[in-house]
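Novice: Now for the letters of each chain:
6 protein chains.
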Amino acid sequence: MRILVVNVNTTESITQAIAQQAQAVAAPGTEIIGLTPHFGADSVEGNFESYLAAIAVMDRVMSYDQPFDAVIQAGYGEHGREGLQELLNVPVVDITDAGASTAMFLGHAYSVVTTLDRTVPLIEDRLKLSGLFDRCASVRASGLAVLELEQDPQRAVEAIVQQAELAVSQDKAEVICLGCGGMAGLDEQIRQRTGVPVVDGVTAAVTIAESLVRLGLSTSKVRTYATPRPKTIIGWPGRFGR
Amino acid sequence: MRILVVNVNTTESITQAIAQQAQAVAAPGTEIIGLTPHFGADSVEGNFESYLAAIAVMDRVMSYDQPFDAVIQAGYGEHGREGLQELLNVPVVDITDAGASTAMFLGHAYSVVTTLDRTVPLIEDRLKLSGLFDRCASVRASGLAVLELEQDPQRAVEAIVQQAELAVSQDKAEVICLGCGGMAGLDEQIRQRTGVPVVDGVTAAVTIAESLVRLGLSTSKVRTYATPRPKTIIGWPGRFGR
Amino acid sequence: MRILVVNVNTTESITQAIAQQAQAVAAPGTEIIGLTPHFGADSVEGNFESYLAAIAVMDRVMSYDQPFDAVIQAGYGEHGREGLQELLNVPVVDITDAGASTAMFLGHAYSVVTTLDRTVPLIEDRLKLSGLFDRCASVRASGLAVLELEQDPQRAVEAIVQQAELAVSQDKAEVICLGCGGMAGLDEQIRQRTGVPVVDGVTAAVTIAESLVRLGLSTSKVRTYATPRPKTIIGWPGRFGR
Amino acid sequence: MRILVVNVNTTESITQAIAQQAQAVAAPGTEIIGLTPHFGADSVEGNFESYLAAIAVMDRVMSYDQPFDAVIQAGYGEHGREGLQELLNVPVVDITDAGASTAMFLGHAYSVVTTLDRTVPLIEDRLKLSGLFDRCASVRASGLAVLELEQDPQRAVEAIVQQAELAVSQDKAEVICLGCGGMAGLDEQIRQRTGVPVVDGVTAAVTIAESLVRLGLSTSKVRTYATPRPKTIIGWPGRFGR
Amino acid sequence: MRILVVNVNTTESITQAIAQQAQAVAAPGTEIIGLTPHFGADSVEGNFESYLAAIAVMDRVMSYDQPFDAVIQAGYGEHGREGLQELLNVPVVDITDAGASTAMFLGHAYSVVTTLDRTVPLIEDRLKLSGLFDRCASVRASGLAVLELEQDPQRAVEAIVQQAELAVSQDKAEVICLGCGGMAGLDEQIRQRTGVPVVDGVTAAVTIAESLVRLGLSTSKVRTYATPRPKTIIGWPGRFGR
Amino acid sequence: MRILVVNVNTTESITQAIAQQAQAVAAPGTEIIGLTPHFGADSVEGNFESYLAAIAVMDRVMSYDQPFDAVIQAGYGEHGREGLQELLNVPVVDITDAGASTAMFLGHAYSVVTTLDRTVPLIEDRLKLSGLFDRCASVRASGLAVLELEQDPQRAVEAIVQQAELAVSQDKAEVICLGCGGMAGLDEQIRQRTGVPVVDGVTAAVTIAESLVRLGLSTSKVRTYATPRPKTIIGWPGRFGR
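These protein sequences, in sequence, are chains A, B, C, D, E and F. Heads up: take any position in the first sequence, counting from 1, add 358, and you land on our numbering. Heads up: take any position in the second sequence, counting from 1, add 358, and you land on our numbering. Heads up: take any position in the third sequence, counting from 1, add 358, and you land on our numbering. Heads up: take any position in the fourth sequence, counting from 1, add 358, and you land on our numbering. Heads up: take any position in the fifth sequence, counting from 1, add 358, and you land on our numbering. Heads up: take any position in the sixth sequence, counting from 1, add 358, and you land on our numbering.
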C-alpha cells in the first residue's frame, strides 16, 4: 500500500520530518511518500497561505504520476481537504480530523495545542465543519511559529507542555492533540511531561488511512464529494487545466 | 466610493450581469467595478473549483492597480472570503453572508435556493461558519447548473419558484435568498410569484459594503484576519510572490 | 426617505442624542425623526421596564401621523421588535440586531459591552432569538446605569474601554458592539483606545434601514409577522383599541 | 395557599374555564383565583397582542390587593413571564414551561399542539429561551383560533388529535403538550384517542406552583430577576407608575 | 400514595437520611419507602459503580413486593433511569432531572455543586440527555467524597458554599442544585450562606412524583420506554430472569 | 496483539459471527477473542437489557484470565463503554463510535440503519454523548429484531437497503453505518445495492483498536475514566466484589 503524505508548507525539511514519523508507525508493506507542494508559503499560518496551500496540495497530488492508495493532508486546521476528496477516488485523511477523531477514543474531552494564536480560529472552524468539535475542550496556542518549532524542538516542547497543562487543569481536557504537522515526533516527550495521552495527527492519520484501505472504504461520491463536472478551466498552467 | 465586485466564475458575461445589478442599486457616487478572475472554471460548482476560485479572486483583487474602498466576493457558498480579509484593509463582503444577514431582518426564518444539489453542503457550511445558519430553514437546489441559469432565465425562474414555494410551505421559510451570483436580477419575478421577500446577495452586498465604508468600519486586524506575516512564497507567478 | 428612530426610554435628551447620531450618518435625503414614548421608565434596565417600553414604542409609532419608510427601535436587548414587525408594513430594525449583524462582517467574533449586569441576560436572549449569537464572544457589563452614561460620558468611555479590552484579550472578541442606545457617539473614542472596530447599533441600524428601503424589501407577512387578526381590544386608551 | 391564575386573553369565560381546571387538581387547602386582565385582546394570537397581554397581566397582578403565594401565567408561548418574576417575590410559573417540563418526565421527546400556525414560532422561541426545547419534537398547529376552541370543543378535540397523531408517528413525539390555555380540560379525551400522555400546562402549573411554595423556593433575585430599580415611570395610569 | 425512594449507594444510613428528607416534604397521605440496593458499592462515584447501581436499583425495585405509585432514583448523575422507565408503569423521577427542572423555574441559569471532580462529566452527560443542560451555568465539585459528606456535614457545607459562591459570581448561576443524594438536608444552610435559592433534588423529586400521580400521568409507552419485549434472560439470579 | 470482542447479547452464534468478521479484517498477528456475557438477554433491544448487558460485558471482560491489548464492545448504541474505560488500562472501542467515526472520513453526513424503532433513541443518545452526532443525517430502523437478522439474512439485507436508500435520498446521507453488531458481514451486499460506502462498526472497531495499540495510546486516566476508587462492594458474586 502506498500513502501520499502531503505537507502544506513548502519547507522540504518539514516534509521529511513528517514522512519519517509517518513511516515509523506504518504497517509492514506500507510505503509512505512525502510530498512538498510546488508553490506556496514556507510555513502556513493563516487563511491566505492556507488557501494557497489547498490548491498547491491538490496540484501536487494530481501531478504525482504513480499509483497510490490514500492521501494524507498534513496540515492542522488548513483548507482544502474537500477538494482532494472530490478529485480522488482513494481515501483522503486530514490530520486535523485524524487527531481529533483518535483523541475522542481516549478521553471525555480533548484540547489542541497549536502554533500561533491567529491559527486557533482556523482550527476551530475546521473541527466544527468536520463534526468533531463537541468534545473539544479548547484550542490553545503555544505562541511559537511553525518554523520556530523546527529550529528549537526543546523550546517547542516546553511551550506545548505549558499550554497542555493549562488545558488539562483549566479546560478539563483529558487528551492533547498536537496542532501542527511540524510537531510530529514530539508526542512522547509531551505525554511523559503531562501524564495524559498525546495524539500526533500525522501518525494517527497513517493508521486511519491504512484502515480505510484495508476495509475497502473510500470517499462517497453521491453528493458533496462527487467528481467535479467537466468544466472549461482557463489560465492555470498545472494539472487542473483539462 | 469604488467597490470591486469579483465574480468567482471565469465567464465574463456573468461578471457583466452581476456588475450591472450591483450598479443599479448603488448609491449616487458609488462606482462598481466588475472583475473576472484570470484563471479558474467557467462555472464554480463544487469544492475543487471553489478553492481554485478562492485563490483566483485574491489574485485578481491584488492585481487590480487602482484604489478601491470595498470588495464584494460574488459567489454563493464559496471559499476564500477569509483570505481576502487578511490581505486587505478595506471591508470584504461575501454575498452569502450579505444575503443571509439581510434576510434575517425580514422574517423569522429564511431559505436559500441555489443551483445544483452538490453545492448545498458548501452553502450550509459557509453559513454555519459565518454564524448565520440558526434561522436558515433550508438550502434547496433548483437542479439547474450555473450556466443554465444564464442560458434560460425563464426556466431558471420556474425552477427557483418551485423550490421557493416548497421552502415556504414545508420548511417554514418566510424569506428566500437567491443562492447564486448568476441569479442576480431574478429577485423581483420570484417575489411576485411567491409573495415573500426575495433577497439577491449581490445587491444586498452592495448596500452593506457602502454602509461599512460610510460608517468608517473595516475588518478587525487583531487576530483571525491579521495581515499575513512576511513569508517566502515560492513558485507562484502572480502577485502573492513577494 | 423618512426613518423613525424610537427611543425605549422616556428621557427626551437621550432621544435627541440618538437622533443626532442617526442623522449624522444618514444618506442625503434621509430624514431622521426621533420619537420618545408617551409612557414608561426614564431608563430601561430590566424585563418589566422593557416590556412596558415594548408597548410604549408600538403606541408611539402607531400614533405618529405622518408617512414613514422604516422604523428603528433604539434599545439594546429590549423586547418588542416582533410586535412592530406585525403592526407595520415598512422595515423594522432593532439596534441589537443591527449592531451584531454589522459586527459579524468585521471579525470572527464580537462582544457587546452594555450598562448593568442585570441587562446581560436580556441581550443574550435577544441575540439568541435573532440567530446572531453564535459568534458572540461575550456580553459584558460596564457597571454604569443608562442615565450615568449621559451624565458622565468620559467615565462611560473609561468603563467601556476596560470591558472592551477584557473582551478582546480574554474572550477573543475582534469587534466591540456598544450595547446601549445611550452610548451613541462614543464609538470613535473607544475604537481609538482599543484598536478594534467599534459598532454603534444606532448608526448601523440607519444604514441597514436605508438599505432595505432602497432594495425594496420589507417584513415578510406570510407567517410570524403577519398583520394581527381583527380583535376586540378592550381597556386600552391608545391607538391599538380599534 | 392562594395561587393567582392569570388569563392572557380578556375573555372572561376562558378565565373561568382555566380556573375551574386549576381548582380541580389543586391540593386541599389551595385556593385558585382566576384573574382576567383589565385591558388587551379577547384572544391572544401573535406578538403584538402577546406584548400587550404581558403588560396587562403584570398590571392585573399588581392591582390584586390580597396576599397570594404564587402566580401562574396561563398563556402558551406568550411574552411577559420574566417581568412578573422581577416584580414579585413569590414564584411565577408560565404554563409553557410547566407543560414542557412535566412532559420531559414522561417521555424521550414531546410535541406541542397549539392553535394557529402563526403562534408556532412564538412557542418555539419561548421554549428555547426557557431551555426546554432540546427534546421538543415539534410544535404543530391545529388550525383553530383560540375562540373557536371554546365555541366547538369537539371540533377542537378532532383537530388536536389529528396533529397529535402526526406528532407521534412522524415527529417521534412520545408525549403531547396542549399548547393553549383555552385547551384546558381536553387532555383526557386526547389521551384516550392517541394513547400517549397528554399534559395540560394549566394543571401542570398548579402542581409546580404548589410544590415550589411547599419547598420554600422562589425566584432568585441576584441577577436577571432582581427587583426593578427605582425609576421615574411616566404616563402610565396603573399600578406601575410609582 | 406510596413512593419508593431508592438510594444508589448500599450505605443504609444514606438511605435513611434521604427517606427522612423525602418524608419531611411529602404531602399528607404520602408514604415514603426508602430502599437500599441489595448489591453494589457503598458509595457511587464513577461510571462502573454507577452502572452497577443502575442494575441494583432496578433489581431492588422489581423485588419490592408491595404496590407503589411512583419511584424516585436518588442518585445525582447516575445511570439507569431509562431502564426503570421501561420496566414500570408508574412514574419514575431521577433527582438529577428533578433538581435541574425545579431550578429552571427559579432563575435564568443554575449550577450544580457535587462531590468529586470525576463525577462532573457524568452529571453533565445526564443533564444533556435529559434536555436540561442549556441553562446549566456549571457543574462544580466540592472535592468531598460521598461518605465524607455524611461524616462531616459542617465541612460539607463549607465546601459546597465555597463552590456555590464561585458559581454565582463567576459562572453567573442564579440557583444552586445540590448534586448528590447524600447532601439532602443541607439546602437551608447553603441558601442562608449564599443568598440564592438552593434546590435539593430529593425533595424536589418528591413533589414532582406526587404531582405526576395526582395528574394521572405516567411514562409514555409508545417508543423509547416501551415495556421490554419478552426475552430469554440467562444467568441472572434476581427478578429479571423470567 | 490480542483483542477481546465482547458481544452484548448472550446468543453464542452472534458472538461467533462477530468474531469471524473481526478476524477477517484483523492484521496479521492480531488474535481476536470473541466473548459472550455470562448473563443477560439473548438479544439486547432496549434500556433495561442494555444496562444489564453493560454490567455483563464488564463482568465478562474482568473474568477473562489472559492478557489482552484492547477491548471492543460489539453492541450498537448500548450502555457501558465508560465503565470498561474506568476498569481497564487498555483501549476500549465501542462499535457505535467506531462506525460513526469511520463514516465521517468518507462523506459529509452519515446515517445509521438499525433494528427496531425503539433502539433509535438509544443510538442517538450514545452518538450525542460521544460527540459524533453533528454529521448524523438520521438513525433509521429496519423493523427487524436482532434475532431476525440472524435467522433471515436476505430479508435483513432487503430491509436495510430500503432504509439506506431513504437515508440517502431523503436525509442526504452519503455513508451508511450498520447499526447492530448482528449485521456484521452484510456490508458488502448493501454497498453494492445502494452505491454508497457502508461501514460495519465491528470491522471498523478492529482497525481502530489495532491502531491505538500500535500508536501506544490508551484511555486517559486523569478524570472521567480514572480507575475506580477502592470501595466496599457488597452482594455481587462476580469479579467486581473486591
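Just so you know, these hints were derived from the structure itself, not from any lab. Check before you lean on any hint, since a few could be wrong.
One copy or any two copies: either way a pair holds, since identical chains are not told apart in the list.
[To be verified] Cut-off 25 Å, straight-line C-alpha distance, at most; resulting in silico cross-link-like pairs (SDA-like, lysine to any residue):
1) LYS579 to GLY553
2) LYS486 to ALA385
3) LYS486 to MET359
4) LYS486 to PRO588
5) LYS579 to SER371
6) LYS486 to GLY553
7) LYS486 to GLN509
8) LYS530 to SER371
9) LYS530 to HIS396
10) LYS579 to PRO386
11) LYS530 to ARG581
12) LYS530 to MET420
13) LYS579 to GLY387
14) LYS530 to ALA384
15) LYS530 to VAL383
16) LYS530 to TRP594
17) LYS486 to ARG581
18) LYS579 to GLU370
19) LYS579 to TYR422
20) LYS579 to PRO511
21) LYS486 to GLU523
22) LYS486 to TRP594
23) LYS486 to SER496
24) LYS530 to GLU546
Novice: A separate judgement is required for each hint: does it hold in the structure or not?
Specialist: These are the hints, each one checked on the structure:
Taking CA atoms no more than 25 Å apart as the test, LYS579 paired with GLY553 passes between copies only; the shortest distance there is 9 Å, against 42 Å inside one copy. With identical chains, the CA atoms of LYS486 and ALA385 are never at most 25 Å apart, being 31 Å at best within one copy and 33 Å at best between copies. In this homomeric assembly, LYS486 and MET359 never come within 25 Å of each other (Cα to Cα): the closest approach is 31 Å inside a single copy and 35 Å across copies. Proximity of LYS486 and PRO588 under a CA criterion of 25 Å is satisfied in neither setting, with 31 Å inside one chain copy and 29 Å between copies.
Taking the closest pair of Cα atoms, LYS579 and SER371 never come within 25 Å of each other, the shortest separation being 35 Å inside a single copy and 31 Å across copies. When the C-alpha separation of LYS486 and GLY553 is checked against a cutoff of 25 Å, the pair qualifies neither within a copy, at 27 Å, nor between copies, at 28 Å. Taking the shortest Cα distances, LYS486 and GLN509 never come within 25 Å of each other, neither inside one copy (31 Å) nor across copies (38 Å). Taking identical chains as interchangeable, the C-alpha atoms of LYS530 and SER371 are never at most 25 Å apart, the minima being 35 Å within one chain and 33 Å between chains.
Proximity of LYS530 and HIS396 under a CA criterion of 25 Å is satisfied in neither setting, with 41 Å inside one chain copy and 35 Å between copies. For a Cα distance limit of 25 Å, the shortest separation of LYS579 from PRO386 qualifies neither inside one copy, at 30 Å, nor across copies, at 31 Å. In this homomeric assembly, LYS530 and ARG581 come within 25 Å of each other (Cα to Cα) only across copies, at 8 Å, whereas the closest approach inside a single copy is 38 Å. Taking the shortest alpha-carbon separations for LYS530 and MET420, neither the intra-copy value of 42 Å nor the inter-copy value of 29 Å comes in at or below 25 Å.
Within a single copy, LYS579 and GLY387 get their C-alpha atoms no closer than 28 Å, and across copies no closer than 34 Å, so neither meets the 25 Å cut-off. Within a single copy, LYS530 and ALA384 get their C-alpha atoms no closer than 32 Å, and across copies no closer than 35 Å, so neither meets the 25 Å cut-off. In this homomeric assembly, LYS530 and VAL383 never come within 25 Å of each other (Cα to Cα): the closest approach is 29 Å inside a single copy and 36 Å across copies. Taking the shortest alpha-carbon separations for LYS530 and TRP594, neither the intra-copy value of 48 Å nor the inter-copy value of 34 Å comes in at or below 25 Å.
With identical chains, the CA atoms of LYS486 and ARG581 are at most 25 Å apart both within one copy (20 Å) and between copies (19 Å). When the C-alpha separation of LYS579 and GLU370 is checked against a cutoff of 25 Å, the pair qualifies neither within a copy, at 33 Å, nor between copies, at 31 Å. Taking the closest pair of Cα atoms, LYS579 and TYR422 come within 25 Å of each other only inside a single copy of the chain (22 Å); across copies the shortest separation is 38 Å, beyond that limit. With identical chains, the CA atoms of LYS579 and PRO511 are never at most 25 Å apart, being 41 Å at best within one copy and 27 Å at best between copies.
Proximity of LYS486 to GLU523 under the C-alpha cut-off of 25 Å is restricted to the intra-copy arrangement: shortest distance 24 Å within a copy versus 27 Å between copies. In this assembly of identical chains, LYS486 and TRP594 lie within 25 Å of each other by CA distance neither inside one copy nor across copies; the values are 32 Å within and 31 Å between. Proximity of LYS486 to SER496 under the C-alpha cut-off of 25 Å is found in both arrangements, the shortest distances being 12 Å within a copy and 19 Å between copies. Taking the shortest alpha-carbon separations for LYS530 and GLU546, only the intra-copy value of 21 Å comes in at or below 25 Å, while the best inter-copy value is 31 Å.
Taken one by one, the earlier hints fail for this structure at numbers 2, 3, 4, 5, 6, 7, 8, 9, 10, 12, 13, 14, 15, 16, 18, 20 and 22, listed in ascending order.
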